[in-house]
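The whole structure should be built from the sequences, with the hints applied where relevant.
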Amino acid sequence: MVLGFLALVLLGAPAAQASPELPAPPQHRTVLQAQTAGTVQAAEFDNRIGGVLRGADGPIADVTVTATGNGFEGEATSGPNGAWSIGVPEQGTYEVAIDEDTLPEGIALAEGQENPRQVTFANTSSATTLFLFGEGIVTQQTPFLETLAERALAGFSFGLLLALSAVGLSLIFGTTGLTNFAHGEMVTLGAVLAFAFAGAGLPIAVAIVLAVIGGGLLGYVQDAGLWKPLRQRGTGLVPMMIVSIGLALALRYIIQLFFGGATQQLPGSQGEIIDLGSVSISRNNLTSLIVSLVVILLVAFLLLRTRIGKATRAVADNPALAAASGIDVDRVIRIVWVIGGMLAALGGILWAYYRPGVSYNMGQQILLLIFAGVTLGGLGTVFGALVGSIIVGLFVEISTIWLEADLKYVGALLIMILVLLFRPQGILGRRERIG
Amino acid sequence: MDFGNILVNAFGELISPTTAAYALAALGLAVHFGYSGLLNFGQAGFMAVGAYGYAISTLSFNAPLPVAVLVALLASVVFAIVLGIPTLRLRADYLAIVTIAAAEIIRYIVTTNGLTDITGSANGLAAFEGGFYDLNPFPPGTYNIGPLGMNERDFWIRIVGWAVVIIACLVVWLLMRSPWGRVLKGIREDENAVRSLGKNVYAYKMQALVIGGVLGSLAGIIFTLPRGAVQPANYATELTFFLYTCLLLGGMATVLGPVIGAMIFWVVLSLTQGLLYGLIEVGAITFLSNSQAGQLRYILVGVALMLLMVFRPQGVLGNKKELAFA
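So the protein sequences, as listed, match chains A and B.
1 is the number of the first residue of the first sequence in our numbering; add one for each residue after it.
1 is the number of the first residue of the second sequence in our numbering; add one for each residue after it.
One or more hints might be untrue.
[Unchecked claim] Only pairs whose alpha carbons sit at most 30 Å apart, straight line, appear in this in silico BS3-like list of lysine-lysine:
id	chain 1	residue 1	chain 2	residue 2
1	B	K199	B	K321
2	A	K310	A	K228
3	B	K320	B	K185
4	A	K228	B	K320
5	A	K228	B	K321
6	B	K321	B	K185
Quick caveat, the hints were computed from the structure, so don't treat them as lab data.
Here is the structure:
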């Protein structure tokens, strides 16, 4: 007990945040030790296999799960909330098995549930597998149209969360001409801040709001401290792009320095599945879809109906002319950076729920998809970014019906290259924008 | 803290095959970006094509070493042409996005589980370097370069790696002072002016892309040989960004710049690592763990890239008039 507790103290902040409600009383001894072992492994390795064991009556605790493969063997025990996680040294395929002897009485694996089974990482640092329990629960083959509708719904949700970041990126490109490679880190920061605030004990809604404000702050600081001075020096667009790469590297490793290499979960990341007629979607995905839709409509309203929106579009169109007609260009760009930062942070939080998980390189993983959305729609056009992102999201999700899951981003990137071949200005872009 | 050991390690990095590979790949980028103005962000993809081309032809087809190298180089030529056809007419920032996307597509494809038999997916491939070491003329024993002792295999790969770098430097130097090279620099300065002189700008750009890509692919082979393994995670976008840091450190439109840049890059990384680990060991730094010290070094790389770009874009050796951007 003492040893286990010592190990826990030594683990440091992130691990302690990950499991804030540790059972201290001695009767939970085994649970505590098991959890500690699990956390040690998760802290040692970046990649994790995990899942939640849940029966008809709720979570199932104290069940032993093992993972073997790639010359590695790991073991974990499910916690009081049914969650288990095994840290593995590298991504690849592992054989995951549940020790059926440790299952509580009266609970058995459902029919057709493979045990042991193969679990394969799909380019993310965490792989999830669900064991279903109870009699009569059989995974059934769903008809094609239902699968398609389900994938399309998920893709729409994914596309809208991409669009949040893409709209910000596109606004920044439109007003300053900068292709911002550090946008992925702005996405990451939103999720990491939300995790940090939630870990500090704030309710998740408050944490999200604070994280979005933090994202806006980062946008403001970036513009005031870096990009505005560079613009005033007359730095060219290509050097600015390379500066943004340096910034992206620095920010990514700063985040890793404080956050660590492991993947953590935001509160409520294991949402239940909601049935909408014949189509089902997880509650988190549905919430994400609605939130991003509302926010994007709000941004569209701001751009089309308010003075500052009009000024933004004027600056995007022709900065010199806008300045000549009395628009404070620097102020507009500052506002665009703040809004871009807030949108990216929100996008990051939603991405953390979609994956699910928060990690230091999560933004980098979707940066190219954001770029794909922006270029598909046409660099610098806000509504193009929206349309492009939704196409990318739909394409990524629907392509998983035929393609292997670890190739799902390839299709979206290929589409982008093909569109550039035939219509380089993008779907909604204007001819003159490309050189 | 053992300063002697830290310095010896830094010297080891100076002549390591990884540094040679970085120098070679950065030289390829100099052809692309420094001399032709092509913003290729997919150099990691070219390196992956080279490494996998060599490894797959050796393992799957039992090809002898010259054939395997030839296959790797041909694969990178094909990759350059396929990449160039849609992208070379695009503006610099579009080109950057498309090339980075193409490099990532390569990485996803060699990572996918569907091709595990050929590419080994996330685990990569191993045990393909035998043919290379069979050619080693040096008898087994200990060889010393300066203060550094190594076995005959390490000695051989260093000799070959740096010989390739020297040859590549010579070739690029000769190319760039030829009429062909002058047209290329003309394209970098003003594409339309060169076009109005009747030159086929598109063809010149394509040739530059192919040459730089072949250098990248050679770099991929040299990068992967001493490791005895090729893994997709090594060829992520960060590799390209590190190569740009090397290039900008040395000077982008110079022949020796990328080589010196790669040396500075690895020596500084090694020195900071040695110093940080040493300070942690003696207890002078208590707020960092060893892995955090490793991350701190890459924060420094990012900051260095930004500062370089802002304050000395021509690098150590470069001439400010010869920048690919105004």
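For each hint, the structure was consulted:
Our distance criterion of 30 Å between C-alpha atoms is met by K199 of chain B and K321 of chain B, whose separation comes to about 23 Å. Proximity of K310 of chain A to K228 of chain A is assessed by CA-CA distance (about 21 Å); at most 30 Å being required, the pair is judged to hold. For a cut-off of 30 Å, the pair hint linking K320 of chain B to K185 of chain B stands: about 14 Å separates their Cα positions. For the hint pairing K228 of chain A with K320 of chain B, the CA-to-CA distance comes to about 23 Å; that is within 30 Å, so the pair holds.
For the proposed pair K228 of chain A and K321 of chain B, the alpha carbon gap of about 25 Å is at most 30 Å, so the pair holds. With a C-alpha separation of about 12 Å, the suggested pairing of K321 of chain B with K185 of chain B holds against the 30 Å cut-off.
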